[in-house]
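Undergrad: Given only the sequences and the hints, what does the whole structure look like? Please build it.
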Amino acid sequence: MTELQISLQQFGKIIVYDENSASHTLSALWQQHNAALFFVRHFG
Amino acid sequence: MADLEQQRQRFVEENAELAVIGSGAVSHLKSFRGVTGYKGKLFSDPSRETFRILGLTSGVSGLIGRKSISRAFSALRRGILPGSLQGSALQLGGAIVVSPQESILYSYRSSEAGDDPPVEEILKAVSLSEKAES
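Protein sequence lines correspond, in order, to chains A and B. No gaps in the numbering here: position 43 of the first sequence is 43 in my numbering, and each next residue is one more. Add 1000 to the 1-based position in the second sequence for my numbering, that's all there is to it.
Bear in mind the hints are in silico, worked out from the structure with no lab data behind them. Note that this is a predicted model, so its numbers are computed, not measured. Don't take each hint at face value.
Ranges of calculated distance between the beta carbons of each label pair, as one might list FRET restraints [what the hints assert, rightly or not]:
id, chain 1, residue 1, chain 2, residue 2, range
1, A, D18, B, R1010, 15 to 25 Å
2, A, S7, B, P1046, 31 to 41 Å
3, B, G1034, A, H24, 18 to 28 Å
4, B, P1046, A, G12, 11 to 21 Å
5, A, Q31, B, Q1009, 31 to 41 Å
6, B, S1031, A, Q5, 34 to 44 Å
7, B, S1031, A, S7, 28 to 38 Å
8, A, Q5, B, S1111, 10 to 20 Å
9, A, Q5, B, G1034, 29 to 39 Å
10, B, E1121, A, Q5, 11 to 21 Å
11, B, Q1009, A, Q10, 25 to 35 Å
All C-beta atoms, glycine included, are put in the ideal place defined by N, C-alpha and C.
TA: Quick look at the structure:
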């Protein structure tokens, strides 16, 4: 585990895109349940 | 991360959201699904703002560590050849678990290429929090 001190409010405002190019606010992922977000180096 | 789809079901059982976020172009997402068989939430952050805030950036040193070399040889032994890179070559991965109460339950920064976030630890963080709330 890594110590992490960030502003979740700022982080949650970031827009990510799905494969249909639809935009999603990151914070929507943890509105209902705990959310585990995996950040991968690359898609290849 | 090759068994991502297998792991996804475990997160569903824990009543947690699982999302995979990469830094490549949106056009690469479909091929990622094809290669991994992953059917869950999948996004791209082409701006890499999420990676920057989480400190998941690297220089070349993070790409040539012991784990990355070991993984590369292991993949080659299994007949898996490297494909074209779809994203930033200098990017490292990681993971974060966030609760609806806006608290960070867990975070992990990969120290080098091939240092994948520990799924068991992440499931434990998700599970303990769910049990504490119920």
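Undergrad: Next step is simple, just say for each hint if it's right about the structure.
TA: Each hint, compared with the structure:
For the pair D18/A and R1010/B, the supplied restraint of 15 to 25 Å holds, since their beta-carbon distance comes to about 23 Å. Taking the beta carbon of each, S7/A and P1046/B are about 22 Å apart, not inside 31 to 41 Å as hinted. A hinted range of 18 to 28 Å for the beta carbons of G1034/B and H24/A is consistent with their spacing of about 21 Å. In this structure the supplied range 11 to 21 Å holds for P1046/B paired with G12/A, their Cβ-Cβ distance being about 18 Å.
The hinted range of 31 to 41 Å is not satisfied by Q31/A and Q1009/B, whose Cβ atoms lie roughly 22 Å apart. For the pair S1031/B and Q5/A, the supplied restraint of 34 to 44 Å holds, since their beta-carbon distance comes to about 35 Å. Between S1031/B and S7/A the beta carbons are some 33 Å apart, a value that agrees with the proposed interval 28 to 38 Å. Separated by about 19 Å at the C-beta atoms, Q5/A and S1111/B satisfy the suggested range of 10 to 20 Å.
In this structure, Q5/A and G1034/B meet the distance hint of 29 to 39 Å, their C-beta atoms being roughly 37 Å apart. In this structure the hint that E1121/B and Q5/A lie 11 to 21 Å apart at CB holds, the actual value being about 19 Å. The hinted range of 25 to 35 Å is satisfied by Q1009/B and Q10/A, whose Cβ atoms lie roughly 32 Å apart.
In summary, the structure is inconsistent with hints 2 and 5 from the numbered list given earlier, while agreeing with the others.
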